[in-house]
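Participant: Each chain is listed here by its residues.
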Amino acid sequence: MKKKIDLKVNGEKCLVEVDPHMTLLEVIRDELGLTGAKLGCGGGECGACTVIFNGMSVKACLFLALDAAEGEVWTIEGLAKEGNLHPLQQAFVEHGAIQCGFCTPGMIMASKALLDENSHLAEQQLKNGLVGNLCRCTGYTNIFQAILSVTNIDEKL
Amino acid sequence: MDQKEYTIVGKRIPRIDSVPKVTGTAKYLRDLIFQGMLHGKILRSPHPHAKIVRVDASKAERMPGVRGVVTGIDTQGIRLCMFRHLANKPPLAEDRVRFIGDEIAAVAADSEKIAERALELIEVEYEELPAIFEPTDAIKPGVIRIHEKGNIAAHRSWMYGDTQKAFGESDQIFEDRFELQGANHCCLEPYGCVAHYDQSGGLTVWMPTQMLHPLRQILADIFGIPLSRMRVIKPYTGGGFGARFDVNPIEIIAVFLSKKTGRPVRIVNTRDEEFRTGRFRYPMTIDIKTGVQNDGTILAREVKVLTDAGAYNGMGVTITSGIGAKSTYLWSVPNVKFEADVVFTNKVYGGGFRGYGNPQITFAIESQMDIIAEKLGMDMMDLCLKNVNYSGQLTCMGHKVTSCGLKECIEKTAETIGWKQKRRKKGNRGLGMGSLMHTGGGVRNLYGECNLSDVFIKMNNDGTVDLLSGIAEIGQGSDTVLAQIAAEELGIQIEDVNVIIGDTSITPQCLGAWGSRVVFIAGNATKLAAEEIKLKLFQEASTIFETHMDDFIAKNRKIYVKGNSEKAISISELAVIFYNKGKILAGRGCYDDPTHYSPDPLTGYGAVPNYGFGTQAVELEVDMETGQVKLLNFVATHDVGKAINPMMVEGQIDGGVVQGLGYALSESLFWEGGVLKNCNFLDYRIFSSADVPPIKSLIVESIDLDGPYGAKGVGEAPAIPTAAAVANAVYDAIGIRIKSLPITPQKILKALKESN
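As given, the protein sequences belong to chains F and S, one line each in that order. To convert, take the position in the first sequence, counting from 1, and add 10; that gives the numbering used here. To convert, take the position in the second sequence, counting from 1, and add 794; that gives the numbering used here.
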């Protein structure tokens, strides 16, 4: 039995029809066509589906769509403004923190959530905070350097 | 070290596909939309070994929303393997299933959920057979045959020189056994395929593959389609590491479903299927016997390998044969004997995984070097330097080592990690080292007789270029490297190069991304193609300025005479001149591995055009109460000939090291009664962000004369010696030698208990 829900995605109001078993990931990707968030494992273990919901980083593959009703979702597509990359995205580019790119949208959203909570993130806090986002290509080293390069700056990220 | 300064080569520029990837606009397989696409699901065997008595898919066929069902009757007679003479895997089982997960039937339906439910309606009657899970059991007399020809997929036995005689001349002989576990690639993107068999008999498949053109040939052969109607398209790809270097049942099944339904069909593995049924690094037992003189000179090496091939021929035979060749590489051993058995078991079959057998044999060789050094009263570093490989040497197979920076790698790594200061100290901290020697340019005869890549470049009227190549970008960023080479050669900027890859109908031949070959082979092809255009530009400029062609250089988007800025013309102006004269500005570079050795008569292995080298060292601490290993510091130095893009080379080193650390400490596929027990990321532990130590990735440039700007490949090397470095560090820390991977806390505690 489909149900209509209101939610805000990347600052825009959306009205979507969802089945009760649908996940937020399915809504974002299949109903709204935002394919940045990825299906990597379907079990909340790899973090490729990470988006920000009501200010918190969540695994969209385990998040029921109905629970997102009236909420606010930010995905990777919402970061760049008018063709200008967000400082986090720019940092990933400049520090070689991207290889295959599959983990990248989730990794960036997870990092943004950490920085939104604490813009003066220390290295160990960052390493622990990203435990839910697996990367098989980069060995994480350049990812850390990219994110740490935008900590401790005054500009609201 | 290379002193020459280039404009774009050697620079740490961001990769050219950064923006699509970082904005989430890069489309991977599951992101693509196809009109009328159906969703496919595969029915898999619940038994490790059984006869198929009856398959009845009629109920599934009648289920609303199901558009087509295929079984082994549809795919009858087809056998899969990259190496045709070894092919024994049917895409869908015919009379037997041989591992839990073996493909039996498949359904295409309007949604994944309908397809899943339809699988439950397919009735299969089995007659269970005794199953074999250990290679040692598979070779016992009287056991059931997994395949008609028996349970031994291949036997290898050869010798270079005379190891018996050399052992007779040795002062000390060492014999050790090492056990290597199965390890999964864990690409973040699960494998899959969209197949569209269109009404006019043309076939297109979209896949995250490492080998577009070889796959095109294989599919064309299987389905009897002319190559001009057979198209392989590779979208952005979420990892490879060898997992996508094969022909798998999924794509064949998807094609059959598309043929039956007349619509595009998509099948993508779940993560569970990735673990349970996907390719992975082969488990092996390696016995290694080495004879040395008291001064450390290595005289002979005998290697015996027992490979658990799983249920069908994937890459087990070629990888094991390749280990034979690799047994002759490191430390300049003049006498080498190799013996191996590749044995079937009723488990899923493996494939190539970053190093293609070298991680396994290097673990054995480098662990034993540490053992030998201690017994001889030598520092391992000195033992390595005593036998170090060098430029110009011939291996005992008669293959030449072109460039070699191994000595520098050893010394640089040792200095950076503080080898002399921190090794052999009291307490529970230790240092360990491991080196590697591996191809940096693919290998001839692995697939077909050549090792080639073909690149087309066409220059547009504004001086920008389109570069077409059959390579596969799977995260390593080789499209960026080709763009840098083209830009350098033509004297244009990186943003002037548009790299077109990923479509066999558009791009020229390339054997694909494997064997660390792309930078060397496709890079050289790119350089040749760019040179052809450059010479045409020089020719035209020489006419305009009445100056000899040799006096011109291409730089900063201009062609000009060295030292004379008046005799200059922009490349875009020249391009327009060509256009107005009705002449084409295009270049083609076809490059093949320059070695001329046929497959070696003894090993069956082809030659490699160059070798990459490296040395890694780790500092760690062992907790005596828990057995846990805490990684403190890691240093990796790799000889890449010339780093076209140092930032990307470091990225390969970082990533390979972390994969190597997982292989060393936490990753292991665990079967019980043929059932794989760890099929998700919680139970199969790859390194997370919290597990990585500080890693220093260093580059040595030995400038290979055959490489583009001196470059060699480095894609696989960083994952090869890591486990040995860790095992050696554990020994240095607590005097415990672990000879099986992974080095778990349980193994350490057990060994500590036994030593007390």
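Because the hints were derived from the structure by calculation, they are not lab data. Any given hint could be a false lead.
[Unchecked claim] List time: in silico DSBU-like cross-link candidates among lysine-lysine, alpha-carbon distance up to 35 angstroms:
no., chain 1, residue 1, chain 2, residue 2
1, S, 1533, F, 137
2, S, 934, S, 1544
3, F, 137, S, 934
[As the list claims (entries may be wrong)] Partial selection, computed: residues in chain F whose CB lies under 10 angstroms from chain S:
no., residue
4, 44
5, 48
6, 52
7, 89
[What the hints assert, rightly or not] Chain F is nowhere near these chain S residues, computed Cβ spacing over 12 angstroms in every case:
no., residue
8, 815
9, 838
10, 933
11, 980
12, 1027
13, 1033
14, 1068
15, 1082
16, 1126
17, 1243
18, 1448
19, 1453
20, 1500
21, 1549
The C-beta atom is built at its ideal place from N, Cα and C for all residues, glycine as well.
Participant: Please write out, lowest number first, the hints stated earlier that are contradicted by the structure.
Facilitator: Checked against the structure, the hints that fail are numbers 3, 8, 11, 13, 14, 18, 19, while the rest are satisfied.
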